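Just need the whole structure built from these sequences, with the hints factored in.
There are 2 protein chains.
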Amino acid sequence: MLEKIEHLGYAVENLEAAARFYEERFGVEVGEPEEVAEQGIRAMMFRVGESKIELLEPTREDSPVGKFLGKRGPGFHHVAFEVEDITSALRELKDSGVELIDEEPRVGAGGTRMAFVHPREAFGVLTELVERPNGKR
Amino acid sequence: MLEKIEHLGYAVENLEAAARFYEERFGVEVGEPEEVAEQGIRAMMFRVGESKIELLEPTREDSPVGKFLGKRGPGFHHVAFEVEDITSALRELKDSGVELIDEEPRVGAGGTRMAFVHPREAFGVLTELVERPNGKR
Chain A
1 MLEKIEHLGY AVENLEAAAR FYEERFGVEV GEPEEVAEQG IRAMMFRVGE SKIELLEPTR
61 EDSPVGKFLG KRGPGFHHVA FEVEDITSAL RELKDSGVEL IDEEPRVGAG GTRMAFVHPR
121 EAFGVLTELV ERPNGKR
Chain B
1 MLEKIEHLGY AVENLEAAAR FYEERFGVEV GEPEEVAEQG IRAMMFRVGE SKIELLEPTR
61 EDSPVGKFLG KRGPGFHHVA FEVEDITSAL RELKDSGVEL IDEEPRVGAG GTRMAFVHPR
121 EAFGVLTELV ERPNGKR
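Protein chains in written order, with the UniProt record's numbering: chain A, 1 to 137; chain B, 1 to 137.
No wet-lab data here; the hints were simulated from the structure. Watch out, some of these pointers could steer you wrong.
Since the list gives no way to pick out one identical chain from another, each pair is judged satisfied if it fits inside one copy or across any two copies.
[As the list claims (entries may be wrong)] In the EDC-like style, the derived pairs of lysine to aspartate or glutamate whose C-alpha atoms are separated by at most 20 Å in a straight line are:
| no. | residue 1 | residue 2 |
| --- | --- | --- |
| 1 | 4 | 50 |
| 2 | 4 | 24 |
| 3 | 52 | 3 |
| 4 | 94 | 24 |
No experiment lies behind these values; they were computed from the predicted model shown.
Written out as structure tokens, the structure reads:
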């Protein structure tokens, strides 16, 4: 069911400082910032092999990433696995009794369809499933 | 410098229960448990694309993963990025003032050479660099 690690999400307090660190120290190329108003974040990302790292800065303290930062401080926030068919993946998980945050896929950055599994189920790791848009890798 | 996500390490309380969850719910194939006495862990792992997920159960409360579990509970523990030449990567990082846990590479599971960057530097994410053994992928 899991095709690859699509991305890791890191919660940071200062997007530009984190981006500069990864550019200067690890030689990666970080893209332009993108705001996702619905999720209350600004994001910048860079590629590592077939995966991406998404740096996430909250735009509101009461957004999910804002609350996470307030409680735990900066660090790893979530992992996203690519699946071929998110609708059937969610149905299988639900049928086997796995608690989901999103029982139906919603639209994420770049037009992907995505959903979160509850971190309680996945041994404390907030786990996203994401289906790539038709034909895109 | 960063070739791919080599693996993610998840701290778990019960290795077999976590392995069963990923096998049954996500259809992955989990390998045999391996004990790394020096690090005070038992580990089981599975592949996702070009990366691996390592499930880590402490064998001692005072091991790094044991202390992490006691303080933060189960969840994401570290990310490991593959680099081509760990000696030169560590030298570059050190020369640019990045705080390292391991200034010299040590030998990790499967004969790899690895080292940790301090999580304070990498915005709260415990970050490992790992060089694959000669010619192996």
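Here is what the structure says about each hint:
For the homomeric pair residue 4 and residue 50, the shortest alpha-carbon distances inside one copy (8 Å) and between copies (7 Å) are both at most 20 Å. Taking CA atoms no more than 20 Å apart as the test, residue 4 paired with residue 24 passes between copies only; the shortest distance there is 18 Å, against 27 Å inside one copy. Both within a single protomer and between protomers do residue 52 and residue 3 lie at most 20 Å apart by alpha-carbon distance, with minima of 14 Å and 12 Å respectively. Taking the shortest Cα distances, residue 94 and residue 24 sit within 20 Å of each other only across copies (13 Å), while inside one copy they are farther apart (43 Å).
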